[in-house]
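Protein chains: 2
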Amino acid sequence: MPLQPTLKTDVLSPHDLSLIDRYWRAANYLSVGQIYLLDNPLLKTPLAAEQVKPRLLGHWGTTPGLNFIYAHLNRIIKARDADVIYICGPGHGGPGIVANTYLEGSYSEIYPEIGEDEEGMRRLFKQFSFPGGIPSHVAAETPGSIHEGGELGYALVHAYGAAFDNPGLVVACVVGDGEAETGPLAAAWHSNKFLNPAHDGAVLPILHLNGYKIANPTVLARLPDEELQQLFSGYGYEPIFVEGSDPADMHQQMAAAFDYAFDHIAAIQAIARSQGDAVTRPRWPMIVLRSPKGWTGPKEVDGKKVEGFWRSHQVPVAECRKDAGHRQILEDWMRSYRPEELFDEKGGLIAELKALAPRGSRRMGANPHANGGQLRRELKLPDIRDHAVKVGRRGGEMVQSTKVLGGYLRDALTLNEASANFRIFGPDETESNRLGDVFAVTDRVWMADLEPYDEHLARRGRVMEVLSEHLCQGWLEGYLLTGRHGLFSCYEAFIHIVDSMFNQHAKWLKVSRGLEWRRPVSSLNYLLTSHVWRQDHNGFSHQDPGFVDLVANKTADVVRIYLPPDANTLLWAGDHCLKTYDRINVIVAGKQPEPQWLSMDEAIRHCEDGAGIWHWAGTEEPGFEPDVVMACAGDVPTMETLAAVDLLRQALPDLRIRVVNVVDLMTLQSPDQHPHGLPDALFNQLFTRDRPVIFAYHGYPYLIHRLTYKRTNHDNMHVHGFIDEGTTTTPFDMAVLNKIDRYHLALAAIERVPGLAARAKDTVDQMTAKLGEHKRYVCKHGEDMPEIQNWVWPYDKG
Amino acid sequence: MPLQPTLKTDVLSPHDLSLIDRYWRAANYLSVGQIYLLDNPLLKTPLAAEQVKPRLLGHWGTTPGLNFIYAHLNRIIKARDADVIYICGPGHGGPGIVANTYLEGSYSEIYPEIGEDEEGMRRLFKQFSFPGGIPSHVAAETPGSIHEGGELGYALVHAYGAAFDNPGLVVACVVGDGEAETGPLAAAWHSNKFLNPAHDGAVLPILHLNGYKIANPTVLARLPDEELQQLFSGYGYEPIFVEGSDPADMHQQMAAAFDYAFDHIAAIQAIARSQGDAVTRPRWPMIVLRSPKGWTGPKEVDGKKVEGFWRSHQVPVAECRKDAGHRQILEDWMRSYRPEELFDEKGGLIAELKALAPRGSRRMGANPHANGGQLRRELKLPDIRDHAVKVGRRGGEMVQSTKVLGGYLRDALTLNEASANFRIFGPDETESNRLGDVFAVTDRVWMADLEPYDEHLARRGRVMEVLSEHLCQGWLEGYLLTGRHGLFSCYEAFIHIVDSMFNQHAKWLKVSRGLEWRRPVSSLNYLLTSHVWRQDHNGFSHQDPGFVDLVANKTADVVRIYLPPDANTLLWAGDHCLKTYDRINVIVAGKQPEPQWLSMDEAIRHCEDGAGIWHWAGTEEPGFEPDVVMACAGDVPTMETLAAVDLLRQALPDLRIRVVNVVDLMTLQSPDQHPHGLPDALFNQLFTRDRPVIFAYHGYPYLIHRLTYKRTNHDNMHVHGFIDEGTTTTPFDMAVLNKIDRYHLALAAIERVPGLAARAKDTVDQMTAKLGEHKRYVCKHGEDMPEIQNWVWPYDKG
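Chains A and B, in that order, are what the protein sequence lines are.
Position 420, counted from 1, in the first sequence is what the working numbering calls 420; the numbers after and before it change by one each time, with no gaps.
Position 246, counted from 1, in the second sequence is what the working numbering calls 246; the numbers after and before it change by one each time, with no gaps.
Okay, chain A solo, but in the shape it has when bound (with noise of 0.2 Å):
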């Protein structure tokens, strides 16, 4: 196999190579100028120490880099009048995608104050990383952009997840080579067996060999040509070599490479849109960019070799206040741009370079698909009446909650499929957690070898199944922040694996809620299910329920919590979930069968509501306050709450006994700290002023302490949750060695409720014999004992 494709080394006029190459030299000058410059900024006198900023701050290394490619895609956006979006994986070098923004003028449509003149540009160069001003990195403030960079790893599976659905966009994705060797970016290449050229854009990625990160060289940049374009032949692409530290060398190859590149992307669609469909997995182009590390800047600091290496990373001259020497050298880097040549006296980018970028909505920083609500379509969403369980009996039948969503979830899929705007994602477990159902009108998507016997696995579907967490995460905050809709479904216990993305959106979220600009996106929708209490053929290292401990951290107008008891409570859960915006709803609910409780017309309140006393469970007499109340969030932790108030029922008649259920876990938190909080004179109602509380709760017992410690009867809050005891075992055993059974939570409620303990000491007695009795019998069986299995709430006659 030749190591490349032949290309072509005059795609440039000697014109067109010089303008392309003042336009990215303005793009450097205008970087250079964020890091360093307070002021002068067209540097119309010698630089003087006051008009250096006194902490620079932001990273160099990479820019110029990021300059070059964007650059060279404007020129290709305006020869083909594509549709082209950029994901900066490097999300480090802000500066360089500020500026081209800036040159563009989209940036200063955004931001008017920062004008197209010398003000503007002081204005542009003071507040980089300034007090008051813009970060550093890519993030939201940034146009164009749907990729902070600030946690690498992602860039790759965010552009995926913006090409899906969206056959006219090419996503032009520069992956760092410090980020290339993350675990997240190193599956996300395999993506392209997930992209059907006939229905979705194109994904061209741009490995950027700069050669190093903070104080190291990268593997990859260290690696013979030979094995890169075996490993990325392997990955399924055709890499394209673009290598060398002469600019007009550079530029002839990098404009043959894109040429090269998008003819490619062009043919591959073109074929598979003749033929209807997909028929084999194409070979997509990709480049493979190798040049050095803060190119074209200073070669050489105090004797240290700078440009090409490390040093270069951050602020490759530093103390340029104080040191005069070292601001020399800034001002002849900056003066090697020729700024005289790229803007005129009053600071405008001059004409013949402004016009070399795409106009309108082509412009990088002005493409709609980087500000996805622009383009975001409500979903049309069935009524969930249509899909509600019939509960004669409460507690009387047992139903798969979440099979009953599955339900749910195909019909919203038919409702949209004109639209193609809606995806579910998933690890490989939308049959295991029961949505199956979805697949009586859609397919997996698979690009792989397709088999005579595979079920529900097509070139074509609306349900993405890869065994990485990080994939889904990644596809799904691409989709969306493009425009589109979806839903994550994840064992609860792995969600962890992408702690750290959800913490990314949820800070992008955060910064993209204060902009007038970025128009709201459809939430994030994790349904997380094979939770903690039913891991029966997995055990210990599946059990987890910490995630909504991590989500509660975040700022309160971003998260929600649900956790539906039942099927209908789920299916408002999940109706209302696909229904927001500019949110992470987190929806815990079980995949086993498992009692129904309340009807569509009482869930619908129920969760209008968030948490709220169940009358029909409890023995409360009006005008008395309640012995105690059995509070309850979560599917296992109600049903065991309800069949410990069976036990504390028959055994102890006149106990007032108050039943309340949290489906919304953040009314439990003070008003002040998240607006679902219930005002403290309601959630008083709910859990009494000085009541015990006996509380089971679905996951780690301290959130709910956490949650609630600003409230008047915190001190009388006793939760049973997780533990982390956990192992294979049966589903009654896992709640006993949690201590969130019935028979613990009774045994709770007897020891809470003053002066009862020494009155109900058979009872006690009886109920801690019961525990004995089952951990020899479960030993022996292998079950649980057909009382608890059987167990069926018997005060509902329906």
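If chains are identical, the list can't say which one is meant, so a pair holds when it fits in one copy or spans any two.
The calculated DSBU-like cross-link candidates involving lysine-lysine, where the alpha carbons are at most 30 Å apart (straight line), are:
1. Lys403 <-> Lys390
2. Lys710 <-> Lys739
3. Lys78 <-> Lys346
4. Lys44 <-> Lys299
5. Lys403 <-> Lys305
6. Lys579 <-> Lys380
7. Lys403 <-> Lys322
8. Lys775 <-> Lys322
9. Lys322 <-> Lys770
10. Lys780 <-> Lys44
11. Lys761 <-> Lys710
No wet-lab data here; the hints were simulated from the structure.
Please build the complex by placing chain B on the supplied structure of chain A, with the hints as guidance.
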């Protein structure tokens, strides 16, 4: 390039072939028995319904392949007296590894109640996935394992961690093709750029193309061999393909492939070792095993394809108690292995098969590397007093705490150089995190290309840097679990990338601590630096202190969190953590110049107490309770607290202030929740029973509420911490944005001391004005006001 090396076809004589096939059948038989049978282990009578488990749990699909590999590894270990451990990526194939360790005798040595006879076999079967028995996955309970395999992605990185500094060891690592889709696994292939053939052992990856996940094919299994060959050549390996389903043919292929691989490993090592060190990076062999999922199991059940399809993933034929037809399929299946040719009447493996297993510690279930505590030697550690910072005047000089620790680590590396059992791991951040002094005595390991201008990059070294937190964490886990020591230094925000790996390691430790035969291993030590308060270059995306919230969820015995406020306390914490075992220690400390507070003697006393009153900072009078407690945890919060105390002392000289500093965060928790929890009486002595506590905490404030919710004075804890307000700004402005700066802390004290606000109105106005002045100043000048930058604790004239 030829697709693969030419392999012999007649490695096994017909007799040897028959023997190894019978050994494999024995393992398969025992695997099926574990999933299905309660009794009648040798099938001496027709299988009765009640002899089948009531709940059928476990995973058959991957198991026959795992057994196949195990049998062939046994052959090669015996043939070459090789030192081999087995890492089982598809850990849900637990029955296979349990079956094999039982066959080789190591299982019964560790668990004598599971004897090598019929009764032992009955117990072996019953205990699997059974209450009171063993988990379904390979886990800490499984002899020979250092890898759980429940959460997929880490097999290969664990394998490399085990191989470092173990020159005699071959780590055979089975990578499932499901797992191979994950990010961490995709990145881990590049670990071969960090493995030195002269000084390290070898990793032999065995990619098991089993074909399917739960309900989907796998990506890699659906690629043509040519593309796989390119991919793994690109990753730097020489793939050897073993493909088919006919057992006899597959045995010959596998035997030849192992011969070839072990020959090549030996040759690579011999060359490097004869040269004294590795000169070039070798191309290590790997095996690609393509075999049917559920191999040798039922071909079809109820007319549906099972063998060679995803339906064989878990339990291929269900309901065998109730459904006699299914039970017959099960019985036929088990009898197809001809147990009468494998086990004698008493249930023992017949002698000529028993002779196939290696002996003693060469058995993979008894290899001491997989019970690393057996090999662990204590680290030799320098005296922290030799590295102490002299604190002439409290707060009077600015020191980079992590740099001081770097000097200590340098000496620790020197002391243990000969033992070759201590490494430092980090994602390209050792220098950035100011630990660069270690490079005086060692280098970064690098097996990719070297350039003459590289610095501290060499074929050999004790610092491992790669831009993947997953690889750092996984290598370290593998290194620790095989009996060595290490430290992982990481940017605080990005440690969330390995949240889930931390979870799984904590689970492993929790379980292994309860197993007498598992010897303690060294603790996993994190140094989290470049923390939330000093992300001057990076801003919001790099600001997240929430990892410790996750840590605090875990079993108390396993986790510790330290927040040293200065260099001497950091030295104590680092030294202490390196001496502990079977724990996960998290140290959070800044890398920027910061004031120093405690002499070494004071630091030792303070750290041993975990929390204490800083009498020199407060204004208490003997015999009086303080008016307010100013508490702090973390370096920046401590500095801001002392600055707040300074403001209060100047403005309100008669206010009785107590300063409490917390180093060991777990002292806050109640002693019944954590072994380090202070007794209530002592806690009350520090924090009072009723005085306001203004608590400046490094991370999310909720954690302090959660840890202290059982304490008497918890209603009076007013916690200031990170509330997700972040960006690129000055260090002091970051504190102000999150209200943890000196002014907000002092204002909070004034607000909370009864009656003080009215009396101190002028002070409140002045401080409020200062906050406004600050904001104006930083937005104009881009740096903090001189009075902030130059503030020094004024009460200690040293």
